[in-house]
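**Student:** Read off the chains here:
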Amino acid sequence: MIEKNALMTLLDDALKVSPADATELVGYGVASSLTRFANSAIHQNVHEDDHLIVARVAVGKRIGVVQTNRYEPEALRGAIERAVEIARQSPEQEGFPGFPKADPAPEVASFSRRTAGVEPDDRAKGVGAAVALASKAGVELSGAFRTSVLSRAVANTSGTRQYYDATEAFLSVFAVDENGVSGSSSAYAVAFDDVDPAGVASTAIDKCKAAANPIDFEAGPIDVVLEPRATSEIMEWLNFTAFGAKQVQEGQSFMAGRIGEKVMGDNVTIYDDGQDPEGIPIPFGFEGVPKRRVVIIENGIAKGPVYDSLTAAKDGVESTGHGGIATFRGGPMPSNLFIAAGEDSYDDLLSRVKRGLVITRFHYINGLLDTKKALFTGMTRDGTFLVENGKITSAIKNLRFTDSMLRAYSNVDGVTRERQISGRNWGGIGSVTAPAVLIRDFRFTGTTEF
Amino acid sequence: MKAKLKEAIDLLRGKGVAYADARRVRSVTEVLVMRNGDLETASLTESEGFGIRVLHEGAWGFSSSSQLTAESVTAVAEQALAIARASATVGEQNVMLDGQAAVVDSYVTDVGEDPFEVPLADKLAILAASCEGMSRSSDVKLATASMMSFRTDKLFVSTEGSEIEQSIVEAGGGIAATAMDGDDRQTRSYPASFRGDYATAGFEFTRSLNLAENAERIGAEAAELLRADDCPARKTALIIGGSQLALQVHESCGHPIELDRVFGTEASYAGTSFLTVDKLGEFRYGSDIVNIVADATVPGGLGTFGYDDEGVKAARTDIVKDGMFTGYLMSRETAPRIGLRSNGTMRADGWERIPLIRMTNVNLLPREGTLEDIIADTEDGIYAQSNKSWSIDQRRINFQFGCEVAWEIKNGKRVRMLKNPVYTGITPEFWGACDAIAGPEEWHVWGIPSCGKGEPGQVAHVGHGVSPARFRNVEVGVKK
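From first to last, the protein sequence lines are chains H and A.
Going by the numbering used here, the residue at position 133 of the first sequence is 133; the numbering climbs one at a time, nothing skipped.
Going by the numbering used here, the residue at position 140 of the second sequence is 590; the numbering climbs one at a time, nothing skipped.
Because the hints were derived from the structure by calculation, they are not lab data.
Treat the hints with care, as some may be off.
[Said to hold, decoys possible] When the alpha-carbon atoms are kept at most 27 Å apart in a straight line, the in silico DSS-like pairs for lysine-lysine are as follows:
1) A:456 to A:763
2) H:101 to H:61
3) H:397 to H:354
4) A:863 to A:685
5) H:397 to A:903
6) A:452 to A:465
7) H:354 to H:209
8) A:591 to H:314
9) H:303 to A:591
10) H:303 to H:262
11) A:591 to H:61
12) H:373 to A:869
13) A:685 to A:869
14) A:903 to A:729
15) A:685 to H:397
16) H:209 to H:397
17) A:763 to A:903
18) H:125 to A:465
19) H:303 to H:373
20) A:729 to H:397
21) A:685 to H:373
22) H:136 to H:209
23) A:454 to A:763
24) H:314 to H:262
25) H:391 to H:354
26) H:61 to H:16
27) A:591 to A:869
28) H:125 to H:209
29) H:314 to H:101
30) A:591 to H:262
31) H:373 to A:591
Could you build the full structure based on these sequences and the hints that come with them?
**Tutor:** Okay, structure coming up:
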């Protein structure tokens with residue numbers, strides 16, 4: 001990765017000689033190492049080191065974009081010239097507001113020197129500790145242990161200059177017994193030392209043991225306690241289909257035409273906050289605009305999406321700093337999502353369940369069935385349990401749900417004080433910080449064989 | 451660059467590694483997206499770098515860099531070796547590769563019209579005409595037309611003496627019309643949803659899709675869906691057309707036959723497979739008429755290439771023969787564990803990723819007749835096409851798909867359009883109920899440029915040859 005001063009100088013020098021009317025350069029670097037294990041052995045152990053520069057240029061209101069990982073000055077100039085060539089042949093982009101001039105973003109605690117210095121042996125030791133616990137418990141472990149250093153720089157001809165760097169440490173552990181029954185757990189943090197491989201492994205192993213001998217269970221409506229990872233997985237799909245301004249403006253989001261209306265329960269508040277250290281802070285978006293705290297759902301009422309400069313101009317509001325990379329078509333989206341904590345303990349939620357299920361996490365959610373209703377489907381995995389009279393009484397085989405998340409989150413009857421941070425399931429820096437929730441009458445529609 | 455990589459391979463050989471390979475990859479991707487006549491995206495993405503994979507003390511290490519200097523190549527080689535040594539410290543490590551002869555060869559996609567030489571204005575004209583055609587229906591509020599073109603140049607060298615150069619070109623596109631009325635929002639796509647259809651070919655393939663010529667029809671169908679009845683929930687005969695059947699093959703056959711997945715290496719993320727090795731040759735996957743092959747040699751298939759990223763020549767393998775499960779997608783590491791040799795399916799998403807077992811062209815072989823023949827032969831059923839949603843459990847048993855559109859079939863005729871069709875099933879039961887597959891005249895290899903797998907995430911370009919097929923007694927709709 002390129003060091004900060006060298007990168008900013010490179011971007012500055014390239015801006016000075018850009019032949020475009022306006023130019024935005026985004027540099028983002030990643031030096032990432034990942035140790036993957038399965039059947040209690042490391043089977044994949046990789047490192048990558050890359051630095052991408054995205055040149056977005058405007059010729060009048062005609063836009064061209066070139067992304068390159070060649071960042072020698074002449075190569076970068078060549079990329080800008082190719083972007084200009086694309087722009088000149090393109091039609092005008094309606095509503096293009098220019099590249100934003102942004103104030104410096106606040107400093108955030110997103111970098112750990114320890115994480116940046118982690119060696120392959122450090123990750124192997126962590127995996128080894130986890131595997132040793134599994135061996136003692138008579139189960140096999142799979143998972144991944146990733147450490148990364150990331151940087152993001154934005155410079156444009158409107159005068160914006162931003163830079164930040166970050167580290168992340170992510171560990172996922174999946175324990176499986178001789179019958180194929182599984183349990184899992186994960187941890188995500190800025191600092192490597194905040195990830196406890198033995199602790200994560202113990203949770204996964206305990207889940208696996210508790211999930212043994214699952215019974216058949218008929219699909220149908222039933223109360224559920226969704227643990228934090230299950231909730232995070234649903235939120236990640238709502239991010240994709242509903243929480244960005246483009247999805248609202250194009251009528252895809254359930255919020256389209258419903259801002260100010262009650263869409264979920266009184267006890268559901270969802271917000272994005274790029275500065276909050278409880279998540280993985282990202283202080284500005286790919287347009288360099290500092291991220292604002294955006295309340296998306298407040299006490300069940302739809303308050304509004306996150307914006308970049310283009311979607312903000314269309315709605316006559318200010319960007320909230322959630323611009324995506326110019327090569328991405330999806331528009332602005334939250335990347336530091338939080339679901340507000342409640343007042344319950346996990347045991348409080350269980351105690352209020354007469355007959356229901358505990359869901360550890362979901363598999364392969366799809367939120368495209370009917371985006372206006374937030375109609376989702378997906379499978380449970382890694383520990384699905386029957387609760388009777390406030391106590392877990394047995395494990396059950398996995399189930400498919402098909403339900404509107406608006407209906408489901410209108411039936412929330414308990415939210416825990418404690419929240420857990422999860423990394424983004426689809427990769428990339430960012431997080432969802434979620435509590436466990438009790439939802440009444442969640443709709444399961446299918447079964448499987450395990 | 452070849453000389454530098456060969457020096458690194460020599461260095462590693464000198465250090466006594468069991469095996470090493472190095473790949474340099476240079477890729478260019480052009481993405482053009484037009485929305486309601488506005489150019490939403492016009493981007494060119496260039497990437498170049500190299501990766502070195504080392505097998506030492508029975509364990510793997512891999513490192514990579516975009517820095518193409520001699521110093522960087524040496525450092526990456528040494529880092530890959532250090533990582534392999536770290537890998538060897540956890541668990542039993544005894545990776546063995548199958549025997550393969552060294553290959554010195556090259557492969558180039560057969561291209562009629564280089565997509566990167568076609569003037570941008572020509573491409574934009576097709577997209578603009580497509581948007582205009584879809585928007586002729588006043589109910590269409592979003593008209594999207596897109597194209598992508600890819601060129602990937604690869605160099606592969608190994609300690610076994612292989613030296614392979616490949617240049618692969620891919621192209622294609624698609625259109626989608628979204629009609630809206632209040633809270634109802636219906637989309638029709640052509641030729642396939644989610645980016646369209648792609649092939650290893652030049653721009654002649656993109657032109658052959660006739661996007662603009664189909665735009666008005668697609669817009670009208672989207673509008674018609676607003677007024678269509680909801681697909682009722684019931685068990686019935688289901689005829690699946692075109693790209694939806696391609697995705698059905700992809701999710702319920704393509705992924706579960708990946709032998710690395712079977713051996714558990716994706717267990718913590720994407721899951722495992724119900725097609726365990728004890729089932730090979732013994733398990734009835736589908737009815738007698740179901741024949742599936744994995745074929746990386748089909749001309750134009752999006753999963754077509756010369757050699758995989760372990761230097762193994764592209765091959766064709768029987769996966770399901772007369773309904774029986776007969777084969778896997780395999781690598782040099784996994785194949786020997788079941789007494790076989792790799793069938794050349796290891797591909798990496800760029801220089802910075804290791805190769806994984808990926809689908810090539812996993813094809814359902816055609817039988818006879820046309821789609822209309824199957825419809826005429828169906829007393830009562832549903833004909834569904836164009837994917838809208840997809841979900842399958844972690845062993846690939848329980849699936850649920852949503853489609854953009856369906857038609858109710860009564861007494862051999864389409865009687866009405868239906869919206870929001872969803873169907874669900876259990877994989878072997880579903881394929882066991884397949885009782886009609888249309889013939890070669892309806893067969894097409896659909897290109898899917900977005901198959902995800904692995905950590906860090908990798909995207910593969912894969913193909914699925916299918917012709918429409920009928921399945922009996924399928925649960926359509928969602929149980930209340």
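**Student:** Against each hint, give a clear statement of whether it holds in the structure.
**Tutor:** Hint-by-hint comparison with the structure:
Under the criterion of a C-alpha separation no larger than 27 Å, the hint pairing residue 456 (chain A) with residue 763 (chain A) is consistent with the structure, at around 21 Å. Annotation: proposed proximity of residue 101 (chain H) to residue 61 (chain H) holds, straight-line Cα distance about 17 Å (limit 27 Å). Our distance criterion of 27 Å between C-alpha atoms is met by residue 397 (chain H) and residue 354 (chain H), whose separation comes to about 20 Å. Straight-line distance between C-alpha atoms of residue 863 (chain A) and residue 685 (chain A) comes to about 19 Å, which keeps the hinted pair within the 27 Å bound.
Straight-line distance between C-alpha atoms of residue 397 (chain H) and residue 903 (chain A) comes to about 25 Å, which keeps the hinted pair within the 27 Å bound. Of the supplied pair hints, the one linking residue 452 (chain A) and residue 465 (chain A) holds, its CA atoms being roughly 20 Å apart against a limit of 27 Å. For the proposed pair residue 354 (chain H) and residue 209 (chain H), the alpha carbon gap of about 24 Å is at most 27 Å, so the pair holds. For the proposed pair residue 591 (chain A) and residue 314 (chain H), the alpha carbon gap of about 16 Å is at most 27 Å, so the pair holds.
Between residue 303 (chain H) and residue 591 (chain A), the direct Cα distance comes to roughly 24 Å. Compliance with the 27 Å bound is thereby established for this hinted pair. A distance of roughly 9 Å separates the Cα atoms of residue 303 (chain H) and residue 262 (chain H); the hinted pair therefore holds under the 27 Å criterion. A C-alpha spacing of about 23 Å is found between residue 591 (chain A) and residue 61 (chain H), which places the hinted pair at or below 27 Å, so the restraint holds. Between the alpha carbons of residue 373 (chain H) and residue 869 (chain A) the distance comes to roughly 15 Å, so the proposed pair stays at or under 27 Å and holds.
For a cut-off of 27 Å, the pair hint linking residue 685 (chain A) to residue 869 (chain A) stands: about 17 Å separates their Cα positions. With a C-alpha separation of about 24 Å, the suggested pair residue 903 (chain A) and residue 729 (chain A) falls inside the 27 Å cut-off, and the hint holds. At most 27 Å may separate the alpha-carbon atoms for a hinted pair to count; residue 685 (chain A) and residue 397 (chain H) meet this at roughly 24 Å. Our distance criterion of 27 Å between C-alpha atoms is met by residue 209 (chain H) and residue 397 (chain H), whose separation comes to about 14 Å.
Our distance criterion of 27 Å between C-alpha atoms is met by residue 763 (chain A) and residue 903 (chain A), whose separation comes to about 22 Å. For the hint linking residue 125 (chain H) to residue 465 (chain A), the alpha-carbon distance of about 24 Å falls within 27 Å, and the restraint holds. The straight-line distance between the Cα atoms of residue 303 (chain H) and residue 373 (chain H) is roughly 17 Å, inside the 27 Å bound, and the hint therefore holds. Between the alpha carbons of residue 729 (chain A) and residue 397 (chain H) the distance comes to roughly 22 Å, so the proposed pair stays at or under 27 Å and holds.
Taking the CA atoms of residue 685 (chain A) and residue 373 (chain H), the gap is about 25 Å. The hint holds against a cut of 27 Å. A C-alpha spacing of about 13 Å is found between residue 136 (chain H) and residue 209 (chain H), which places the hinted pair at or below 27 Å, so the restraint holds. For the given pair, residue 454 (chain A) sits about 24 Å from residue 763 (chain A) by alpha-carbon distance, which is consistent with the 27 Å threshold. Restraint check for residue 314 (chain H) and residue 262 (chain H): the C-alpha separation of about 24 Å stays at or below 27 Å, so the hint holds.
Pair hint residue 391 (chain H) plus residue 354 (chain H) holds up; C-alpha atoms about 9 Å apart against a cutoff of 27 Å. As the CA atoms of residue 61 (chain H) and residue 16 (chain H) are separated by approximately 20 Å, the hinted pair is consistent with the 27 Å bound. Annotation: proposed proximity of residue 591 (chain A) to residue 869 (chain A) holds, straight-line Cα distance about 18 Å (limit 27 Å). Our distance criterion of 27 Å between C-alpha atoms is met by residue 125 (chain H) and residue 209 (chain H), whose separation comes to about 24 Å.
This hinted pair checks out: residue 314 (chain H) and residue 101 (chain H) have alpha carbons roughly 18 Å apart, not beyond 27 Å. For the suggested pair residue 591 (chain A) and residue 262 (chain H), the alpha carbons sit about 26 Å apart, so the restraint of at most 27 Å is met. For a cut-off of 27 Å, the pair hint linking residue 373 (chain H) to residue 591 (chain A) stands: about 19 Å separates their Cα positions.
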